[in-house]
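Q: Sequence:
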Amino acid sequence: MEWHETDAKNLAIIDREIGDRLLSPSEYEIVRRVIYRTADLDYKTLIHFSERALVSAAAALAARSVIIVDVPMVQVGIAEEIQHTFVNPIYCCLDVKNLATSPTTTQTKAAQGMEVLAKRHPEAIFIIGQSFPALTTLVELIQSNNINPALVIATPVSFLDSQQVKDDLKQSSVPNITINGRKGNPTVATAIMDALIDLAWQAFGEVSKQ
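With my numbering applied, the sequence shown covers 1 to 210.
Hints in this document: simulated from the structure, not taken from any laboratory.
The reader is advised that the hints may include incorrect statements.
[Unchecked claim] Taking CB as the label site, the calculated pair distances span: (1) Arg21 - Leu99: 39 to 45 Å; (2) His84 - Arg16: 28 to 34 Å; (3) Ile13 - Asn98: 46 to 52 Å; (4) Pro89 - Asp40: 30 to 36 Å; (5) Leu160 - Lys9: 15 to 21 Å; (6) Glu80 - Asn10: 27 to 33 Å.
[Claimed, not checked] Okay, derived cross-link-like pairs now, DSS-like style, lysine-lysine, Cα gap no bigger than 30 Å in a straight line: (7) Lys109 - Lys9; (8) Lys170 - Lys119; (9) Lys9 - Lys183; (10) Lys109 - Lys97; (11) Lys183 - Lys109; (12) Lys170 - Lys183; (13) Lys97 - Lys9; (14) Lys97 - Lys119; (15) Lys119 - Lys109; (16) Lys183 - Lys119; (17) Lys9 - Lys44; (18) Lys119 - Lys9.
We treat Cβ as the ideally placed atom computed from N, Cα and C, and that holds for glycine.
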């Protein structure tokens, strides 16, 4: 990401307002990016990082693993950063063709697309920024041992009983970054992924160019 003087000033304000923190430097960089994109300091305590989440993300990016997203907003949001770094393929659930159109089909299009792409790329990086049904489908596939993602980023907003699905994801062996509570949106998912790309590029960039 290209930074300007105004970005630095805004981030400095965020640093002052957050104050003391119990995060690793890399985790904090992700949190402050989310706060900067959303202007919401609540995210200081809402973002959950599983064990190995950042390490697994960096390794998967460097290996040019496939990235699967639920909605175009996330795809567009991370595309430029990916194109200038690791050049991982990005696929969107809503772009999957020939999905079931029967009136008896209860899955949303995003959830159907997630099932197709997850089975096609079981070790991908998955980013769910908006569609809670897509996240539910993904977690069910994880629980049935059909897939083993390198990383799951889950930030969809939901006023329904969403915490159980998030807890199921947290309790799995899959590295994940999630939002506790109701908040979230595609902007949050994009901010998290952009920060992960930047951090991974700092660690692996020169090697990846070879």
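Q: With reference to the structure, classify each hint as holding or not holding.
A: Hint-by-hint comparison with the structure:
1. Taken as a hint, the range 39 to 45 Å holds for the pair Arg21 and Leu99, whose Cβ atoms sit roughly 43 Å apart.
2. Between His84 and Arg16 the beta carbon distance is about 31 Å. The supplied range of 28 to 34 Å therefore holds.
3. At about 49 Å, the beta-carbon gap between Ile13 and Asn98 stays in the expected band of 46 to 52 Å.
4. For Pro89 paired with Asp40, a C-beta distance near 31 Å keeps the hint of 30 to 36 Å intact.
5. Here the CB-CB span from Leu160 to Lys9 is close to 39 Å, at odds with the stated 15 to 21 Å.
6. Range check, Glu80 to Asn10: Cβ separation about 20 Å, and the 27 to 33 Å hint is violated.
7. A hinted pair counts as satisfied when its Cα atoms are at most 30 Å apart, and Lys109 with Lys9 does not qualify at roughly 41 Å.
8. With a CA separation close to 21 Å, the supplied pair Lys170 and Lys119 stays within the 30 Å bound.
9. Distance restraint check for Lys9 and Lys183: the Cα-Cα separation of roughly 26 Å lies within the 30 Å cut-off, and the hinted pair is therefore satisfied.
10. A hinted pair counts as satisfied when its Cα atoms are at most 30 Å apart, and Lys109 with Lys97 qualifies at roughly 10 Å.
11. Only pairs whose Cα atoms come within 30 Å are accepted, and Lys183 paired with Lys109 is accepted, the gap being roughly 23 Å.
12. Restraint check for Lys170 and Lys183: satisfied, since their Cα atoms lie roughly 17 Å apart, inside the 30 Å limit.
13. Distance check on the hinted pair: Lys97 and Lys9 sit about 45 Å apart at the alpha-carbon level, beyond 30 Å; violated.
14. Our distance criterion of 30 Å between C-alpha atoms is met by Lys97 and Lys119, whose separation comes to about 15 Å.
15. At most 30 Å may separate the alpha-carbon atoms for a hinted pair to count; Lys119 and Lys109 meet this at roughly 16 Å.
16. Restraint check: the Cα-Cα separation between Lys183 and Lys119 comes to about 28 Å, which is no more than 30 Å; the hinted pair holds.
17. About 19 Å separates the Cα atoms of Lys9 and Lys44, which keeps this hinted pair within 30 Å; it holds.
18. Note on Lys119 and Lys9: the hinted pairing is violated, with a Cα-Cα distance of about 44 Å set against a maximum of 30 Å.
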